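J.: Read off the chains here:
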Amino acid sequence: MDGGDPTAVAFRGVRKEFPAPDGGVVAAVDDVTLEVAEGETLCLIGTSGSGKTTLLRMVNRLEEPTRGAVLVRGEDVATHDAVRLRRGTGYVIQSGGLFPHMTVERNVGLLCELEDWDADSRRARVRELLAMVHLPPDEFAERMPHELSGGQRQRVGVARALALDPPLVLMDEPFGALDPITRATLRDEFAELRAAVRKTVVLVTHDMAEAFALGDRIALLDAGRLRQVGTAEDFRERPADDFVARFLAEHFA
Amino acid sequence: MSTTRHRALVLAGAVLAGLGGAREVGAALPAPQDPAPPARTAATERRPIVVGSKNFAENRILAHVMGQLIEARTDHEVVVEDGLGGTLVVFGALRSGDIDVYPEYTGTGWAIVLKEPEAAADPLRTYVHVAREYARRFDVRWLPPFGFSNSYALAVRGPVAEELGLARVSDLAAVSERLRAGVSHEFLAREDGWPGVSAAYGLEIADLRGMEHGLAFEALAAGEIDLVDAWTTDGKLLRYDLTVLEDDRGFWPPYHAAPIVRGDLLLRAPEVEDVLGELALRLPDARMQALNHAVEVDGRAFADVAREFLIEEGLLDPSDAPADDGFRAGERRGDLLTFVAGRLGITGELVLEHLLLTLVSVLSAVVAAVPLGVLLARRRRLAGPVLQVAGVIQTIPGLALLAFMIPVLGLGLDAAYAALFLYALLPILRNTYTGLVEVDRDLVDAAVGMGLTPRQVLRHVELPLAARTIMAGVRTAAVITIGVATLAAFIGAGGLGEPIVTGLQLDDTRLVLAGALPAALLAVLTDLALGRAERRLATPSRGAPGA
Ligand SMILES: Nc1ncnc2c1ncn2[C@@H]1O[C@H](COP(=O)(O)OP(=O)(O)OP(=O)(O)O)[C@@H](O)[C@H]1O
Ligand SMILES: [Mg+2]
Numbered sequence: 078m079d080g081g082d083p084t085a086v087a088f089r090g091v092r093k094e095f096p097a098p099d100g101g102v103v104a105a106v107d108d109v110t111l112e113v114a115e116g117e118t119l120c121l122i123g124t125s126g127s128g129k130t131t132l133l134r135m136v137n138r139l140e141e142p143t144r145g146a147v148l149v150r151g152e153d154v155a156t157h158d159a160v161r162l163r164r165g166t167g168y169v170i171q172s173g174g175l176f177p178h179m180t181v182e183r184n185v186g187l188l189c190e191l192e193d194w195d196a197d198s199r200r201a202r203v204r205e206l207l208a209m210v211h212l213p214p215d216e217f218a219e220r221m222p223h224e225l226s227g228g229q230r231q232r233v234g235v236a237r238a239l240a241l242d243p244p245l246v247l248m249d250e251p252f253g254a255l256d257p258i259t260r261a262t263l264r265d266e267f268a269e270l271r272a273a274v275r276k277t278v279v280l281v282t283h284d285m286a287e288a289f290a291l292g293d294r295i296a297l298l299d300a301g302r303l304r305q306v307g308t309a310e311d312f313r314e315r316p317a318d319d320f321v322a323r324f325l326a327e328h329f330a
Numbered sequence: 005m006s007t008t009r010h011r012a013l014v015l016a017g018a019v020l021a022g023l024g025g026a027r028e029v030g031a032a033l034p035a036p037q038d039p040a041p042p043a044r045t046a047a048t049e050r051r052p053i054v055v056g057s058k059n060f061a062e063n064r065i066l067a068h069v070m071g072q073l074i075e076a077r078t079d080h081e082v083v084v085e086d087g088l089g090g091t092l093v094v095f096g097a098l099r100s101g102d103i104d105v106y107p108e109y110t111g112t113g114w115a116i117v118l119k120e121p122e123a124a125a126d127p128l129r130t131y132v133h134v135a136r137e138y139a140r141r142f143d144v145r146w147l148p149p150f151g152f153s154n155s156y157a158l159a160v161r162g163p164v165a166e167e168l169g170l171a172r173v174s175d176l177a178a179v180s181e182r183l184r185a186g187v188s189h190e191f192l193a194r195e196d197g198w199p200g201v202s203a204a205y206g207l208e209i210a211d212l213r214g215m216e217h218g219l220a221f222e223a224l225a226a227g228e229i230d231l232v233d234a235w236t237t238d239g240k241l242l243r244y245d246l247t248v249l250e251d252d253r254g255f256w257p258p259y260h261a262a263p264i265v266r267g268d269l270l271l272r273a274p275e276v277e278d279v280l281g282e283l284a285l286r287l288p289d290a291r292m293q294a295l296n297h298a299v300e301v302d303g304r305a306f307a308d309v310a311r312e313f314l315i316e317e318g319l320l321d322p323s324d325a326p327a328d329d330g331f332r333a334g335e336r337r338g339d340l341l342t343f344v345a346g347r348l349g350i351t352g353e354l355v356l357e358h359l360l361l362t363l364v365s366v367l368s369a370v371v372a373a374v375p376l377g378v379l380l381a382r383r384r385r386l387a388g389p390v391l392q393v394a395g396v397i398q399t400i401p402g403l404a405l406l407a408f409m410i411p412v413l414g415l416g417l418d419a420a421y422a423a424l425f426l427y428a429l430l431p432i433l434r435n436t437y438t439g440l441v442e443v444d445r446d447l448v449d450a451a452v453g454m455g456l457t458p459r460q461v462l463r464h465v466e467l468p469l470a471a472r473t474i475m476a477g478v479r480t481a482a483v484i485t486i487g488v489a490t491l492a493a494f495i496g497a498g499g500l501g502e503p504i505v506t507g508l509q510l511d512d513t514r515l516v517l518a519g520a521l522p523a524a525l526l527a528v529l530t531d532l533a534l535g536r537a538e539r540r541l542a543t544p545s546r547g548a549p550g551a
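In the order they appear, the protein sequences are chains W and C. Just remember that our numbering sits 77 ahead of the position in the first sequence, which is counted from 1. Just remember that our numbering sits 4 ahead of the position in the second sequence, which is counted from 1.
Please keep in mind that the hints were generated in silico from the structure rather than gathered at the bench. Each hint should be verified, as a subset may be incorrect.
Claimed, not checked - Residues on chain C that point at chain W, a partial pick, calculated with CB under 10 angstroms:
1. GLY239
2. VAL393
3. THR438
4. VAL441
5. GLU442
6. ASP444
7. ASP446
8. ALA451
9. GLN460
10. LEU462
11. HIS464
12. LEU469
As the structure is a prediction and not an experimental result, all values here were calculated from the model. Just so it is clear, CB atoms sit at the ideal spot from N, CA and C, and this is done for glycine as well.
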């Protein structure tokens, strides 16, 4: 546990089952206990299907745990009003999720619009956010999503998640599906952004280097189970078991 | 009030005052004696006067009687278009100006056209009421009645009537148990048939059978049954030894026939009113029976029977040339261009009627189907069965669906709206459902994850993304509805189907085209316009929403 920082998110013995095609159940997340401190960036890492997305979606109640509880700022999310909880939690989905029928400006400003901001402050906020993710507003505000490159779309997705200045941001492979150079650029920008806006971030990736570069701490999942939580150094110096050691070896090859 | 009009009412009163006793009153009143032929007026209009009729013998004979008389007494060319169809088709043709005059029945005008809620009873009141309402609402004038009333009746075998002393329906009550009756299936089922009349007169006939009408008369002649249902002017009544019982309690509404005329015809050919006025009271029940008999039983031509009648009545000079080719149904004069030009105004009106019919039906279908489609997309287990039901409705042929509506909503606009609404439902419903189900789940997920309420997700994400598919459904629905709406004319709802229906009856291709071409054009234009709207929806819009 990190010093005296209050806990932003806590998973308490969380298990999530999905119905399996054979009629039984699969545990996508199995008995995970994990805490994320206020202001911390936690990277969730693991192979495909290890339960990263599922774990993330339980934070903003897109999934309900089968067992155990998820707490945000000390309170079980089940007791939160789902809409309020989500508006206070930025969410960048794996596939980007920009609304294809809305301009960049409207995508980014949609939540402000729904929160009844007046047009001027909405516009100002959108420009500020676009500038923050390195998209010149004059050039990009009026574009439609299909007029953007993959990297630009991801940036808009990040800007949209930050619109209401949420204290907690969930990012599901925000830099996935991009070429390595763009990825590296975005990663650097993110690090820069992280320094500027102090937020709690839970970031899913299956890129170990990315996790090491961005995470204050890293949580490694495998088949729904938490194999190790710790800093980059912990992982390098003290892998918890053979599996972790093998995972590191493979992903740094 | 013109003197002619005044005379018409007096005559009408005289005829109708005696409880359906047109026969007696008609016989008692001296028919106008050999009126001097009115001075021939110069035909100021080239357009012929078109006399129409419904599709049964009596009405067609009357059309020929009127047509020949007008032809003989005026300078106008006359075209007889007999057998156009049911009441609403013929009335529709009159209103649209396809025909200028046809024979109508007071009870029919009362119940079918004016849709009066209570049954017509008093003959005079009925006539005066329909005459006033037609003039006020449709600018259609009722001229003096012919004299007979064609309504349901009960008839008893002559010897039986004599033996039991039966003259009125109420006489039956005492002896009804001893009689054997054979009535038409329709009469057995209709509220104004056996169920109604037996209740009104307290009749209890143990041996009561439904049978085909023609057979019933044969069975009666063979002495196997004693009582049949009939029409008061049925030609067959003459052929058999029958006593028609008087409807002494006035159970059946009066169905007095009279010429009805477009108001504008009386402006361009005012003499028609006097000419047709001469037919007043010339046709009591028995006389009409005889003419019907000549056509239905003896198989004689309508025009010949009409001509003989007019000559007998001294209304037509026997030396006058018989009806020329102008009387052959379906032969309109003038070339196609004049025909088209002459119909521009009417066609415009029909197009508007048609558009209104389509618009109201499709819009109400949108209002019903879009929310229902949203519900189905939310509760997908319901989707299968509901879409199946909508699909079944879609497979019902247009005419059948219209027919199903009639018992529920009656004839006319309401039934047409309901049927067209049902047709428009499926394409919109199916496309709304499909459009919503096909919205990328990730986008819905992103919206929910951002903190949009279900309603906001629907409004800002799902509906806009499904809009194109929904619009395609509306487009399909509109095109289908424009097509099916042409059938609405069959039940009197108007629109471009009117000339089609009339044209089919008349075997007049030009008239069919006068409805079919604008309808097809309308469908194509609608398809194009809505197709454009659809493509506009497909291109993501930059327009920010109203704050
Ligand atoms: N809605 C669902 N219904 C059934 N099974 C599901 C559902 N969502 C996830 N799963 C299953 O749960 C397991 C974990 O899935 P999850 O999406 O959390 O993995 P992930 O670690 O995010 O994988 P990736 O790196 O490929 O995104 C997988 O086996 C997946 O098939
Ligand atoms: Mg995932």
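J.: Taking 10 angstroms as the limit, does the beta-carbon of ASP446/C come near enough to a beta-carbon in chain W?
T.: holds (5 angstroms)
J.: Any CB of chain W closer than 10 angstroms to the CB of LEU462/C?
T.: This interface hint is violated because 13 angstroms lies over the 10 angstroms limit.
J.: Can you verify the interface hint for VAL393/C: is its Cβ closer than 10 angstroms to any Cβ in chain W?
T.: violated (30 angstroms)
J.: Double-check LEU469/C for me: the hint is only fine if its C-beta lies closer than 10 angstroms to a C-beta in chain W.
T.: Holds. Min distance 6 angstroms.
J.: Is the hint on GLY239/C kept, meaning its closest Cβ partner in chain W is under 10 angstroms away?
T.: This hint is violated: GLY239/C lies away from chain W, its Cβ roughly 72 angstroms from the closest one there, beyond 10 angstroms.
J.: Is the shortest C-beta separation between ASP444/C and chain W less than 10 angstroms?
T.: The hint holds - ASP444/C has a Cβ within 10 angstroms of chain W, the shortest such distance being about 8 angstroms.
J.: Min Cβ distance, THR438/C to chain W: is it shorter than 10 angstroms?
T.: violated (18 angstroms)
J.: Is the shortest C-beta separation between GLN460/C and chain W less than 10 angstroms?
T.: Holds, because the Cβ-Cβ distance from GLN460/C to chain W comes to roughly 6 angstroms (cut-off 10 angstroms).
J.: Checking hints one by one. Is ALA451/C an interface residue toward chain W, by the C-beta closer than 10 angstroms rule?
T.: holds (8 angstroms)
J.: Go through the hint on HIS464/C and say holds or violated, using the shortest Cβ distance to chain W against 10 angstroms.
T.: With a minimum Cβ separation of about 7 angstroms from chain W (threshold 10 angstroms), the hint on HIS464/C holds.
J.: Per the CB criterion, is GLU442/C less than 10 angstroms away from chain W?
T.: violated (13 angstroms)
J.: Once the shortest beta carbon distance from VAL441/C to chain W is found, is it less than 10 angstroms?
T.: violated (17 angstroms)
Violation of the numbered hints given earlier is confined to hints 1, 2, 3, 4, 5, 10; the remaining hints are satisfied by the structure.
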